[in-house]
Amino acid sequence: MKYIKKISKLNFFKTIKKDDLEIMISNNSIFIKKYDKNEIIHLQSELCSSMDIVIEGKVIVQNIDENGNIITISNFEKNELFGAHLLFSSQNFYPMTIIAQEETTILKIEKSKILDLCQNNKIFLIEYLNQISDRSNTLASVINRVTRKSIRACIIDFLKFEKNLQDSNKIILNISKKELSEKFGIQRTSLSRELSKMKKDGLIDFDKNSITIINLENI
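In this text, residue positions in the sequence shown follow this note's numbering: the first is 6, and each later residue adds one.
Because the hints were derived from the structure by calculation, they are not lab data.
It is possible that part of the hints are untrue.
[Said to hold, decoys possible] In silico lysine-lysine, DSSO-like type, Cα no more than 27 Å apart, as pairs: (1) Lys-14 x Lys-113; (2) Lys-22 x Lys-7; (3) Lys-127 x Lys-168; (4) Lys-39 x Lys-22; (5) Lys-165 x Lys-213; (6) Lys-63 x Lys-14; (7) Lys-11 x Lys-168; (8) Lys-39 x Lys-23; (9) Lys-42 x Lys-14; (10) Lys-63 x Lys-183; (11) Lys-113 x Lys-168; (12) Lys-23 x Lys-42; (13) Lys-113 x Lys-175.
Modelling step: build the complete structure from the supplied sequences, incorporating the hints.
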């Protein structure tokens with residue numbers, strides 16, 4: 006019952022009494038599972054039988070193409086969920102592999118319990134539908150980025166976003182260049198090559214841990 010307090014603070018469970026949560030955990034309709042760093046949570050093509058919520062840690066969604074290239078599609082952090090959009094699909098198989106990026110604790114809610122809660126708890130149903138809608142929008146954005154944009158366009162979008170977020174022309178990288186290249190769906194060497202070109206063009210400067218925007222007019 007260690008995680009009852011954290012679970013009760015999730016939007017899904019705000020209207021559910023702690024006693025009822027304890028009953029759900031005791032009969033395993035919802036349960037906690039822990040994963041070590043780099044441990045596989047779900048394999049590509051695995052049947053989706055539960056909605057998963059990150060209680061602690063971080064997970065990443067990766068696709069490996071026929072050439073062995075790894076593309077990081079998205080990541081999920083504390084209080085974010087995955088699997089909700091697959092659970093009641095006629096093709097309810099994970100299209101990509103989900104991996105724990107660090108030590109991670111997951112709350113799993115079985116399909117039958119999801120159905121029961123949606124039928125009997127309006128707040129839970131609304132939150133479930135909101136999450137499915139938001140996830141669809143996120144996937145559309147990722148697909149657009151990976152399939153249509155040049156490497157430079159991906160870098161520029163990333164820099165613009167981080168500049169606004171960090172309120173600085175010097176962007177501190179909280180992920181490695183390898184992880185950034187996977188986020189863009191490209192090889193690390195391709196990212197390094199384009200960064201070097203942008204530096205030569207006088208647009209940016211960079212080191213191991215940061216990228217500095219120099220010429221704002223061309224970014």
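Against the structure, the hints:
Between Lys-14 and Lys-113 the CA atoms are separated by roughly 16 Å; this keeps the pair inside 27 Å, and the hint holds. This hinted pair checks out: Lys-22 and Lys-7 have alpha carbons roughly 16 Å apart, not beyond 27 Å. Of the pairs offered as hints, the one joining Lys-127 and Lys-168 is violated, with about 39 Å between alpha carbons and a cut-off of 27 Å exceeded. A C-alpha spacing of about 24 Å is found between Lys-39 and Lys-22, which places the hinted pair at or below 27 Å, so the restraint holds.
For the given pair, Lys-165 sits about 19 Å from Lys-213 by alpha-carbon distance, which is consistent with the 27 Å threshold. In summary, the hint linking Lys-63 to Lys-14 is supported, as the alpha carbons are separated by about 18 Å, within the 27 Å threshold. Between Lys-11 and Lys-168, the direct Cα distance comes to roughly 32 Å. Violation of the 27 Å bound is thereby established for this hinted pair. For the hint pairing Lys-39 with Lys-23, the CA-to-CA distance comes to about 22 Å; that is within 27 Å, so the pair holds.
Distance restraint check for Lys-42 and Lys-14: the Cα-Cα separation of roughly 25 Å lies within the 27 Å cut-off, and the hinted pair is therefore satisfied. With a C-alpha separation of about 17 Å, the suggested pair Lys-63 and Lys-183 falls inside the 27 Å cut-off, and the hint holds. The straight-line distance between the Cα atoms of Lys-113 and Lys-168 is roughly 36 Å, outside the 27 Å bound, and the hint therefore fails. Of the supplied pair hints, the one linking Lys-23 and Lys-42 is violated, its CA atoms being roughly 30 Å apart against a limit of 27 Å.
Straight-line distance between C-alpha atoms of Lys-113 and Lys-175 comes to about 39 Å, which puts the hinted pair past the 27 Å bound.
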